[in-house]
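Trainee: Given only the sequences and the hints, what does the whole structure look like? Please build it.
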Amino acid sequence: MSVAITADKVVKRYGDLTIIPQLTQNIKNGEFFTLLGPSGCGKTTLLRMIAGFNSIEGGQIRFNDQVINDIPAHKRNIGMVFQSYAIFPHLTVRENVEYGLKLRNMPKDEMKTKVDKILDVVQITEYQDRLPERLSGGQQQRVALARAIVIHPSVLLMDEPLSNLDAKLRVEMRSAIREVQKQVGITTVYVTHDQEEALAISDRIAVMKKGVIQQTGTPHTIYTRPYNVFVATFIGHSNLFKGRIEEANGGKAVVFADGFVLPMSTIGEEGKIGDDVTIAVRPEEFSICGEGHGIKCKIKTKVFLGKYITYGLDFPDDMLVPDQPAIEYSQDLGHAEKVLEIGDTVYLKPNAAKINVFRADGSKSLMEGVVENE
Amino acid sequence: MNKKFQWDFWAWITLLSIVIFGLFLIYPLFSLFLSAFQDATTGAFTMENFTHFFERKYYYQSMINSFSVTACVTVLAVVVGTALAYFMTLFKVRGKGIVEICIIISLLSPPFIGAYSWILIGGRSGILTQWLAGMGIEFPSIYGFAGILLVLTLKLYPFIYLYVAGAMKNIDSALIEAAESLGCSGIKKVVTIMLPLITPTILAGALMVFMNAMADFGTPMLIGEGFNVMPVMIYSEFINEVGDQANFAAAMAAIMVLITSTIFMLQKYVVNKKSFTMSSLRPLPVGEMKGIKNVVMHLCIYLLVALSMIPQLVVIYTSFLKTNGAIFVDGYSLDSYRTIFGSLGTAISNTYIFSTAAMAVIVFLGMTVAYLTTRKKSWLTDIIDTLTMFPYIIPGSVLGITLLLAFNDDPMLLSGTALIIIISLVIRRLPYTLRSSSAILYQLSPSLEEASISLGASPLKTFFKVTAVMMLPGVMSGAIISWITAINELSSSVILFTGATKTMSVAIYTEVIRASYGTAAALSTILTITTITAMVIFFKVSGRRDVTL
Chain A
1 MSVAITADKV
11 VKRYGDLTII
21 PQLTQNIKNG
31 EFFTLLGPSG
41 CGKTTLLRMI
51 AGFNSIEGGQ
61 IRFNDQVIND
71 IPAHKRNIGM
81 VFQSYAIFPH
91 LTVRENVEYG
101 LKLRNMPKDE
111 MKTKVDKILD
121 VVQITEYQDR
131 LPERLSGGQQ
141 QRVALARAIV
151 IHPSVLLMDE
161 PLSNLDAKLR
171 VEMRSAIREV
181 QKQVGITTVY
191 VTHDQEEALA
201 ISDRIAVMKK
211 GVIQQTGTPH
221 TIYTRPYNVF
231 VATFIGHSNL
241 FKGRIEEANG
251 GKAVVFADGF
261 VLPMSTIGEE
271 GKIGDDVTIA
281 VRPEEFSICG
291 EGHGIKCKIK
301 TKVFLGKYIT
311 YGLDFPDDML
321 VPDQPAIEYS
331 QDLGHAEKVL
341 EIGDTVYLKP
351 NAAKINVFRA
361 DGSKSLMEGV
371 VENE
Chain B
1 MNKKFQWDFW
11 AWITLLSIVI
21 FGLFLIYPLF
31 SLFLSAFQDA
41 TTGAFTMENF
51 THFFERKYYY
61 QSMINSFSVT
71 ACVTVLAVVV
81 GTALAYFMTL
91 FKVRGKGIVE
101 ICIIISLLSP
111 PFIGAYSWIL
121 IGGRSGILTQ
131 WLAGMGIEFP
141 SIYGFAGILL
151 VLTLKLYPFI
161 YLYVAGAMKN
171 IDSALIEAAE
181 SLGCSGIKKV
191 VTIMLPLITP
201 TILAGALMVF
211 MNAMADFGTP
221 MLIGEGFNVM
231 PVMIYSEFIN
241 EVGDQANFAA
251 AMAAIMVLIT
261 STIFMLQKYV
271 VNKKSFTMSS
281 LRPLPVGEMK
291 GIKNVVMHLC
301 IYLLVALSMI
311 PQLVVIYTSF
321 LKTNGAIFVD
331 GYSLDSYRTI
341 FGSLGTAISN
351 TYIFSTAAMA
361 VIVFLGMTVA
371 YLTTRKKSWL
381 TDIIDTLTMF
391 PYIIPGSVLG
401 ITLLLAFNDD
411 PMLLSGTALI
421 IIISLVIRRL
431 PYTLRSSSAI
441 LYQLSPSLEE
451 ASISLGASPL
461 KTFFKVTAVM
471 MLPGVMSGAI
481 ISWITAINEL
491 SSSVILFTGA
501 TKTMSVAIYT
511 EVIRASYGTA
521 AALSTILTIT
531 TITAMVIFFK
541 VSGRRDVTL
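Going down the list, the protein sequences come from chains A and B. The opening residue of the first sequence carries number 1 in full-length UniProt numbering; numbering runs sequentially from there. The opening residue of the second sequence carries number 1 in full-length UniProt numbering; numbering runs sequentially from there.
Among these hints, one or two may not hold up.
[Unchecked claim] SDA-like cross-link-like pairs, simulated, lysine to any residue; straight-line CA separation at most 20 Å:
| no. | chain 1 | residue 1 | chain 2 | residue 2 |
| --- | --- | --- | --- | --- |
| 1 | A | Lys102 | B | Val469 |
| 2 | B | Lys461 | A | Pro72 |
| 3 | B | Lys96 | B | Leu284 |
Derived by calculation from the structure, the hints in this document are not laboratory data.
Mentor: So, in structure tokens, the structure goes:
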């Protein structure tokens, strides 16, 4: 039932404006695949091309081996969950879920069994005779999910389904969605701009920017080994330093602009000695060290967040890649030796095993084994 | 999905609407304008018809008359309607619900019934005139300018009232509180905050009043006597069997359409510059008027409502009077009703059949064409959208004349048929239904339709199963209002009717002209009762307490 999806050199244009130039991506059968990116990056456009609500101006989209470019939306056998839920307000919960099955002329008793089962799976059996306006946002979301899944679609498409819910319900619903998806085992394409949601829910994530996929990989890979600086800064926070690769003790090391040398064993072939590079250090990849064992900075701000304290750091301008919103160090309170105060001067040592090194222009990672499409 | 043209349902609807508006609106209008520039006998191009109009006082005076009476009606209606809305919204008024219902009834009742019953009251042999004459007092003449002004103002101020009351309900009380916190109070608050906030609404209402007053045919025809206005002049020149006056009438119609379209554009321009949207979280609080002020306010409101309702009541009363031929005699009877069910039975059934048929067409076209112009935008649907604006500016009598001129010959001989009356009703009311349907569609999220399609329903099936179902309540309540105006329609039907296609309003008009007041009253009573019944249904269907036209 469920299918693999292939986008092959897909192009989307509105008049002269190209939204997606030649995008290629495969999505495996049964996978939970997320399109993540800032608003306007083309993720929803791509989703709607798969659904059949947007035309395809070039290339092909295939379900398994079948080209679907010219199949109208209602014949593609897709299940879709919308940002606005799009529950039919004139039908009860049960009638909403039955809608797709009725169109397929399913016998009454078979339909009843199926609907009962799916209502149970998404836990809305008790509301089945209500009109949608009397349901909460989370309950409406469950109806939308049940309605999309009950028809046994080839793929399940979800367009920012949680963005209208409050924070707590969002977390609750995302595990519900994940659970139901695994239970049914259906290929799912999920669109979101919320990176935390994407990391929590996906098998694989494709990070998009301006209609181009920047990197595809598991949540772990995307976070720990981003393919370029955009991904490094879009997913979580990364502090960007100017640096150069040099030789140290027969291996490679990165040298910060203030002269601090950090030996690294994770830099790949492509990172040549003498290359200028951009060094990305996440706030939690620093540790406090003694003078001369790290890079020197001043504490500028301090925000207490419970589990962490986030410090804003002050570096000399020539050490940093320009135009960064903030340079931060997150101190895990569980392991904090000492709490710093605003105005303190401190030496911080980046964790050589974890930090990432990119080409100076940020376009590509120089780390061993990092690929664009995993 | 490619963009290749498909000959599907929507293509048919596009074609259908272009044919309907092209054939029954643009083509007739065009031929009317063309004939305005033609010599009656030779058919050669001439400006003679226009110069004829502007050279003779008898003719151009009608334009001046139309303007002066329309302007006065508009100003008066705005003052009365706005004041009423102000007091009804901001103060506690006893019997507010009943007052509102009465206002709506007087708005929806047949336009010329007002004229006719004021003649019954204050005409030469009117009830009041004779009663006062018995006491030696001479009642001022109700005919002419004053009569038209009285009748049309009473008939049209409800437009302003409904518009302004609606807008005032949308003023957030925080706006007024903000003004007060900044040190603004009393009359200054009304002038600097309230009035500017409702000005666009007043302008929109004023346009409705102006257009209605300008185009109204029945009222000045009955009560105007020597005071000629343009619609009456056009009608009589057109109907005039002596000589070939059709080209001259066409020229007058062209002048009139030019005037109404100018006013329409002017209003659009002003409103576009000043328009803004308001939504109220907390409506203005309802205050209580104290002492003598309270008494005066209530008296004024009740007097106004009484004046508005008098025509209906007089008509209902006289319908039960005993008549001898055309003359009322002492005592009561149902003779008038017996007469109309006998001789004018077809007029009654025609009215219901025509307006119901028109309503069915309007609902279907209204929903589908609105869908086309909002969801399937193209240059073609933009043209349709523009075409559907035209009926706003074309007075009913002008539309009637254009249709009659255009469809008087083979191969498209439609004059005298029921079809042409139904078509004129559809053309006149469709734009209103279209606007309201589009407004409903803009509120409906397209993802509802996409959800249905993703579940396997074809786009057409989706339209009928989802979109249409959700639009229907809103469209139906609008359609009921259209139906009410259709049964009361006179200005185009009076030109298009023949013996077999007479409607009730036309029958009332001809009965009044024959001075057969008893039968006219009985017919009017039936119309009024039908109107009220339809309104009750409207309120049930829409769950609302107000009306938008």
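Trainee: Which constraints among the numbered hints does this structure fail? Numbers only, ascending.
Mentor: none
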